[in-house]
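A.B. asks: Residue numbers (this note's numbering), protein chains in the order written: chain Z, 168 to 836; chain C, 125 to 344; chain R, 4 to 482; chain E, 9 to 326.
Among the hints, a few may not be true.
Derived CB-CB ranges, DEER-like [unchecked claim]:
#, chain 1, residue 1, chain 2, residue 2, range
1, C, Tyr184, R, Pro100, 29 to 35 Å
2, R, Asp363, C, Ile310, 23 to 29 Å
3, R, Gln428, E, Glu304, 58 to 64 Å
4, R, Pro278, Z, Val441, 33 to 39 Å
5, R, Phe417, Z, Val175, 56 to 62 Å
6, Z, Leu739, R, Gln428, 54 to 60 Å
7, Z, Pro786, R, Ser408, 34 to 40 Å
8, Z, Ala360, R, Leu14, 50 to 56 Å
It should be emphasised that the hints constitute simulated quantities derived from the structure, not laboratory data. Beta carbons: idealized from backbone N, C-alpha and C, even for Gly.
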Amino acid sequence: MTAAIVLVCALLLLLLAVGAVALARSPLANALVYGATLVLALICLGAGIAHLLGGAAPESVALPLGLPWIGAHFRIDALSAFFIVVIDLGVAAASLFAVGYGHHEEAPARVLPFYPAFVAAMNLVVLADDAFTFLLSWEFMSLSSWALVMAHHHVPENVRAGQVYLVMASFGTLALLLAFGLLAGPDGGYTFAEIRNSHPAPALTALVLCLALTGAGSKAGLLPLHVWLPLAHPAAPSHVSALMSGVMTKVAVYGFVRVVFDLIGEPAWWWSMVVLALAGVTCAMGVLYALMQHDLKRLLAYHTVENIGIIFIGLGLALAFKAYGMAWAAALALTAGLLHVFNHSLFKSLLFFGAGAVLSATNERDMEHLGGLIHRMPQTAFAFLVGCAAISALPPLNGFVSEWLTFQAILISPQLPSWGLRFLVPAVGALLALSAALAAACFVKAFGVTFLGRARGAAASAAHETDRFSLTAMFVFATLCLVAGILPGLFIDALAPVVQSLLGDRMPVQTGVAWLSIVPIAESRSSYNGLLVFLFMVISGMLAATAIHRLASDKLRRGPAWDCGYPDASPLTQYSAGSFAQPIRRVFGTVVFRARETVAMPPPGDPRPARLRVALHDPIWDALYVPVTHAVTFAAERLNHLQFLTIRQFLSLVFAALVILLLVLALWP
Amino acid sequence: MHGITFDVAHMLAGSLVLVSFLQLYQDRLYALLNIYALHALVLALSVAWQAYVQQAPHLYVTAAIALLFKAIIIPVALHRIIVRLGIHREIEKVVGVGPAMLLGMGLVALAMVVMLRVTMEADPLAREDLAFALSVVLLGLLMMVTRRNAVGQVVGFMSLENGLVLAATGAKGMPLVVEISIAFSILIAFIVIGIFLFRIRERFDTVDLQALDRFRGERP
Amino acid sequence: MTLNPIGAVLLIPVIAAMLLAALPGYRLTARINVIATLATFLVALSLFFGRPSQTPFFHVDDLNNVFIVLTTFVGFTTSVFSASYIGHELEIGRLTPTFLRFYHAMYQVLMFAMNLALVANNIGLMWVAIELATLTTVLMVGIYRTHEALEAAWKYFILGSVGIALALFGTILIYMAGRPVIGEGADAMVWTILVARAGEFDPALLNLAFVFLLLGYGTKVGLAPLHAWLPDAHSEGPTPISAVLSGLLLNVALYALLRFKMLLAANPAALAPGPLMVTMGLISLVFAAFMLYRRRDIKRMFAYSSIEHMGIITFAFGMGGALANFAGLLHMTMHSLTKSAIFFAVGHVAQVKGTQRIADMGGLTETHPVLGWGLVLGVVAIAGLPPLGIFTSEFLVVTSTFARSPFLALILVFGLLVGFAALFQRLNTIAFGEPRGKHGDTHASYIPMFAHLALVLAAGIYLPPPLVGWFQNVAKVLG
Amino acid sequence: MALIADFAVQGAQMLVVLLLAPLLTGVVRKTKARLLRRRGPSVVQPYRDLVRLMRKEVVLAETASWLFRVIPYLVFAATWVAASLVPTFRAGLLFSWSADLIAIIALLGSARFFLALAGLDVGTSFGGIGSSREVMIASLAEPAMIMIVFTLALVVGSTQLSTMAGFLLSPAVGLRVSLGLALIALIMVAIAENARIPVDNPATHLELTMVHEAMVLEYSGRHLALIELSASLKLLLYVSLIACLFVPWGLSAPGTGFAAVAVGALAYAGKLVGGGILLALFETSIAKMRVFRVPEFLGAALMLGLLATLLLFVSRSL
């Protein structure tokens with residue numbers, strides 16, 4: 168039933184996409200398309216939640232499409248249902264946001280048709296139950312999102328972003344193609360059922376893991392395959408950026424989980440080493456990249472990379488525990504990972520909505536020209552602040568819960584027999600802690616420079632609060648962030664069937680625990696109660712406020728800023744994003760990005776301003792992608808000479824071919 | 125089949141290969157043309173002999189074509205073209221005579237090896253004929269790629285084609301042989317006319333390169 | 004004979020050719036051209052429902068049935084396209100009425116030749132037909148009489164004739180191989196008989212024959228390193244001809260190659276043609292993929308992409324096995340539809356921009372949305388992105404190969420990726436970004452292009468069972 | 009009935025930390041003054057300051073936003089909750105399980121997060137200096153702290169403070185290298201977190217050397233009072249954290265009677281005073297370091313923490 172509902176919705180979405188081509192020009196199109204998408208997404212969402220909470224059995228649908236002798240198989244189990252929920256929740260909010268935001272779109276005809284198609288593709292990916300359908304939907308998802316990235320194609324960077332994105336995407340798809348090729352075997356058992364039953368050799372499964380990691384990782388933004396992400400996500404319209412960052416990367420995670428936890432059977436212990444190492448590095452590097460950014464949306468995109476790292480830490484730990492048959496621990500780790508999937512989809516979408524609101528209000532993505540927006544657009548500022556706090560893993564919001572669970576999972580690692588893991592995991596933990604702290608720093612910068620202080624430019628000082636649809640979308644998600652933060656038990660229990668189906672074990676039931684707190688393993692070991700912490704803070708804050716206002720003074724006088732007695736200087740003397748990040752840049756950047764600061768100080772008496780120039784190098788781009796591109800262009804150059812041979816020379820090629828083949832024949836045994 | 129017919133056919137085919145070598149050896153255009161005429165003549169003879177051996181009268185047509193068209197008309201026509209276009213008489217080679225000869229030897233050897241792998245069931249005449257034909261074809265191709273002038277290359281192509289006709293006629297009872305030989309003669313005629321029309325003095329290439337350069341500057 | 008669809012498929016073009024050679028006037032001739040091709044197509048469609056019994060000269064089986072219909076269909080759509088395209092050419096005076104007459108006649112002759120090659124049951128006849136087709140296209144490539152056009156035609160002619168010669172030698176060898184078993188005379192050239200008895204042939208002769216046929220017909224297929232004529236011919240001839248070349252002629256040549264591969268497959272002692280085809284296929288693929296980067300002429304670029312795809316197809320058939328062969332057949336069909344659609348788009352693009360230089364095009368989706376998006380869709384299809392048909396075939400090729408010989412699959416994937424990047428790099432400059440170059444207008448006919456793309460899209464989502472059935476049968480025979 | 013008692017104890021704990029915090033600050037100041045041969049203000053001076061500040065009116069910069077006014081309460085609330093969750097004189101309080109050590113660190117993190125935002129809110133250059141340096145220090149201090157938590161949690165098998173304290177009391181612990189390293193690291197972190205010398209100087213008002221003070225430069229009146237109070241709460245928190253983890257003796261176990269509680273209280277008071285004096289000694293015996301030496305200082309702490317964790321496996325494996 169659920170599968171059927173979602174399939175029908177996907178079909179309708181595709182039809183909507185076709186229809187959107189026709190009526191893209193009309194003024195109603197915006198409301199119509201996004202409204203319809205919103206409704207359909209809500210339907211899917213409802214179906215998904217029902218299936219997940221109802222604990223319904225997996226159900227399959229087979230359609231006579233795709234490869235005729237196989238057909239298109241769709242199946243919804245707990246895992247798919249969970250990701251359906253994640254996807255359609257994000258989509259619903261994005262559509263609601265877009266109902267208002269869409270009016271600022273200068274080229275709606277380039278967005279409206281592809282948006283529903285993109286949504287449909289994402290839903291289909293998680294439903295697909297055979298390799299062909301899966302990859303078809305997967306690549307179609309890339310394609311439609313590519314079209315959305317290319318929406319503002321007048322900006323050269325966007326075109327480049329589209330190029331990098333599509334190439335990386337098809338690289339990933341090809342990797343997955345190979346993986347499924349291995350799993351399906353030479354005579355093409357492409358349905359997942361067949362794949363589950365075929366038990367390939369360990370060497371093969373190892374290869375499959377690497378390929379799956381490459382394929383899914385390149386879409387999720389795992390280092391070093393993340394390069395497209397910070398280019399492509401900001402290039403798209405903001406509601407699409409929200410979907411790409413908040414939801415599409417999760418679909419990639421789904422792909423990884425499906426293949427590695429479901430399809431290829433028992434993991435080997437060292438797999439987790441690979442995953443964990445990559446994930447840890449991704450985490451730390453992602454946030455460091457983010458700290459160096461001044462472009463609000465790009466900063467957010469890099470944080471997606473970081474959070475993907477956190478998620479994969481959870482998955483890697485789950486793999487490790489699974490390999491050693493510690494199902495209960497694996498359940499904890501996997502739950503942590505999946506919970507973070509959900510949480511990240513919430514606050515990252517929220518943050519991108521905020522960025523979109525700022526963008527539409529100021530036409531400015533560069534933080535150095537923003538500032539003081541909290542005065543102009545207070546509600547957006549509030550929602551964005553909640554998002555920042557959540558993504559910085561501050562209690563009592565939801566980001567903290569999943570990271571806390573991840574830490575709890577890390578703390579079980581000493582019970583692993585493998586020495587490699589015992590030493591690796593704490594290091595990964597350190598990286599996780601580091602990136603959490605740096606993330607907080609980064610969002611102090613993001614929020615502080617964008618919304619606080621004084622306006623750094625005319626655009627910022629003329630900004631207006633965004634429309635009510637966008638605000639609704641933002642506040643819904645802000646509330647969800649809080650709810651998921653203070654009542655994590657409910658969400659953990661909702662995830663139980665997923666974990667159960669994948670690992671055969673689950674975390675202890677949380678809803679029964681006193682005071683609604685969560686207990687991953689045992690109360691004596693560790694527990695956390697978001698609700699109580701929240702209430703404590705509220706109560707004590709209120710107490711303090713009332714007490715002081717009652718007993719002491721509540722008088723207040725406005726005056727010029729004190730600033731150690733310096734006269735009020737221009738807004739340009741404020742700390743900018745660059746200067747805020749400078750200490751951290753000096754600590755980490757000099758090593759990681761070979762950051763160099765050069766000061767051009769004019770001689771005394773020279774009125775010219777002094778200039779500080781900062782040079783950064785992207786280590787991964789320089790080390791990996793530049794050589795590849797060079798190699799390709801070089802080869803192309805070389806081969807291109809073959810274009811200008813004379814006919815005689817071409818004939819000699821033919822002649823040579825003939826002689827060689829004859830030689831082959833002559834030497835043939 | 126009895127010895128003598130076989131030996132004659134064998135001898136003729138072998139001499140065709142020999143003539144191909146002679147062509148490789150030439151470095152003057154007129155001489156080359158004469159040798160080609162000889163080539164065509166030998167071909168005509170062997171085709172005629174095949175016609176006689178196989179009692180296949182239609183092969184005489186092919187022989188006649190070979191004699192008239194290839195041995196007489198084409199060489200004459202090329203003569204006039206050379207005069208009219210003032211192509212200078214020296215043949216520029218890519219590789220010298222010696223190496224060309226060695227290559228030729230190698231090719232013939234290759235042809236033999238390849239053909240002799242054919243089991244004895246196929247009748248010997250066919251095998252020998254094919255072996256020679258293949259060598260002629262290869263030598264013709266070799267000539268095309270080692271000669272720089274258009275005329276030299278055309279001659280190369282024509283001798284290649286002679287090899288084909290030899291093979292076709294050697295294949296006992298093969299239908300369409302005559303048609304094929306006619307078709308090929310027409311093809312050659314086209315090439316010759318082409319050379320004349322496009323004023324290709326030195327080499328095929330002259331039509332192409334400078335053109336290619338301008339040609340949406342795809343050079344690096 | 005006339006009641007027989009085969010006869011009709013062959014006769015209609017001949018008659019039309021004579022008519023068109025005789026009649027003056029653009030509108031009329033263009034109409035006749037369209038009508039004739041339409042008629043041929045309809046007749047060919049009837050083959051789906053009833054196949055005539057095979058004769059020593061003609062036969063229709065699962066393999067060529069589909070390709071006859073495909074050829075006649077693309078022939079028809081192309082004639083529709085060429086009606087609008089050539090009209091524009093006449094207006095700007097690139098083409099004179101006399102040449103127009105010649106062009107239409109030749110077009111029909113080409114159709115005839117290709118149909119003949121497809122229905123021929125006699126390998127000699129097939130050879131004749133393919134060479135006829137080649138020579139016709141040579142003449143049409145040179146039709147603009149510009150220096151480049153003549154030069155391209157000349158190159159095509161010379162390389163083509165060598166190919167012809169090699170193919171003929173191969174054909175003779177096949178006859179020689181067949182004769183001892185089947186006996187002298189025409190029977191030893193009838194394909195159906197040959198394939199029935201191929202098991203008893205002398206393997207060495209078969210091998211030798213296949214080598215020559217591979218090179219001879221391979222020249223027509225445009226496999227590297229025999230490809231040299233192809234890019235020039237595509238970029239210099241009139242676009243309808245480029246469309247037919249890429250869409251049909253390459254297919255026909257490959258079809259001929261397949262016929263002979265079947266012969267070898269039927270003979271256990273003969274060397275497996277697989278390795279040869281795999282090697283040539285991979286060489287063509289990777290080579291063409293790299294060549295795509297430096298292309299500045301739009302038609303040349305797509306010509307190279309044709310080489311690339313021919314490489315993929317040859318590779319697939321070389322790998323053999325039910326899946327790979329099926330994929331190869333599917334890919335042939337999809338590629339001819341897609342590539343001709345792309346050339347339809349490219350033709351109009353070149354007309355509105357007044358040049359074939361990629362550098363002088365830009366922001367096409369902005370200035371000419373329908374044309375631009377059509378082109379984008381075409382490139383998306385040709386790059387093997389879903390949900391279009393080529394994705395299916397590439398999916399099958401890659402997956403089935405990797406399970407069997409990972410190393411080859413890696414090369415394949417590498418080539419695919421390189422080509423992919425190049426295609427989109429160019430597409431981005433042509434279709435997106437700030438509009439560049441002049442944008443004139445043309446009374447373009449978009450129906451053919453979108454008809455093809457619609458078919459490709461449909462095939463990507465749903466393949467009709469009968470088609471699949473035929474292809475699977477053929478795949479089995481192909482070994 | 010028992011529940012009410014538990015509530016009472018919990019409430020007492022919250023009050024105790026709130027009331028003792030300024031005293032600890034006072035003690036430290038007094039001792040430092042003594043060590044510098046000054047008489048120094050009396051130990052209750054901090055209370056007086058707080059009261060005075062409370063009474064004063066707030067002078068708010070025109071450019072300040074609503075957030076600027078909310079933040080002091082947020083910071084205070086977060087710090088107070090965190091402080092009241094650390095066992096002082098009695099383990100296993102009613103709500104002690106509502107947040108484990110990681111959560112407590114995270115709570116302090118949120119306090120810092122908002123304080124840093126406050127520094128940026130008014131839009132002055134000094135606020136910026138303050139917050140940017142603060143987050144830089146924090147970005148190193150927090151991971152170091154987490155590594156310390158790892159070490160302890162791996163020894164104890166829990167991140168629950170009460171459980172930890174209980175375990176560390178038991179003889180099962182023995183003497184471990186890792187614990188020593190962890191202690192040193194913890195002290196270093198505590199110094200950094202509380203803006204003490206050598207990382208930062210709470211007493212300075214020399215613009216370019218201040219970190220914490222620069223951040224709160226724009227605050228006045230009751231807001232400033234709250235922030236000062238939170239600062240001393242934080243100091244108290246760290247002292248009692250060290251106390252309950254490394255010198256847990258005297259800590260009354262849950263369920264024990266009044267006597268035990270009394271002992272615990274006395275012991276706690278002793279530990280506080282001791283801690284304060286030690287801190288003062290340390291501060292007077294060392295000079296403040298340049299801001300960009302701080303990363304090295306904290307990096308060392310982080311390394312120590314990691315080393316402690318890894319050594320743990322070695323020592324275990326023995």
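A.B. asks: Next step is simple, just say for each hint if it's right about the structure.
C.D. replies: Against the structure, the hints:
The beta-carbon spacing between Tyr184 (chain C) and Pro100 (chain R), approximately 46 Å, falls outside the hinted interval of 29 to 35 Å. At roughly 42 Å, the beta-carbon separation of Asp363 (chain R) and Ile310 (chain C) lies outside the given 23 to 29 Å, and the hint is violated. Distance hint check for Gln428 (chain R) and Glu304 (chain E): the Cβ-Cβ separation is about 47 Å, which falls outside the suggested range of 58 to 64 Å. Between Pro278 (chain R) and Val441 (chain Z) the C-beta distance comes to about 36 Å, which sits within the given range of 33 to 39 Å.
Separation of Phe417 (chain R) from Val175 (chain Z) is about 40 Å and departs from the stated range, judged on CB atoms against 56 to 62 Å. About 41 Å separates the C-beta atoms of Leu739 (chain Z) and Gln428 (chain R), a value inconsistent with the hinted range of 54 to 60 Å. Judged by the Cβ atoms, the range 34 to 40 Å given for Pro786 (chain Z) and Ser408 (chain R) holds: they are separated by roughly 36 Å. The supplied range of 50 to 56 Å is met by Ala360 (chain Z) and Leu14 (chain R), whose beta-carbon atoms lie about 53 Å from each other.
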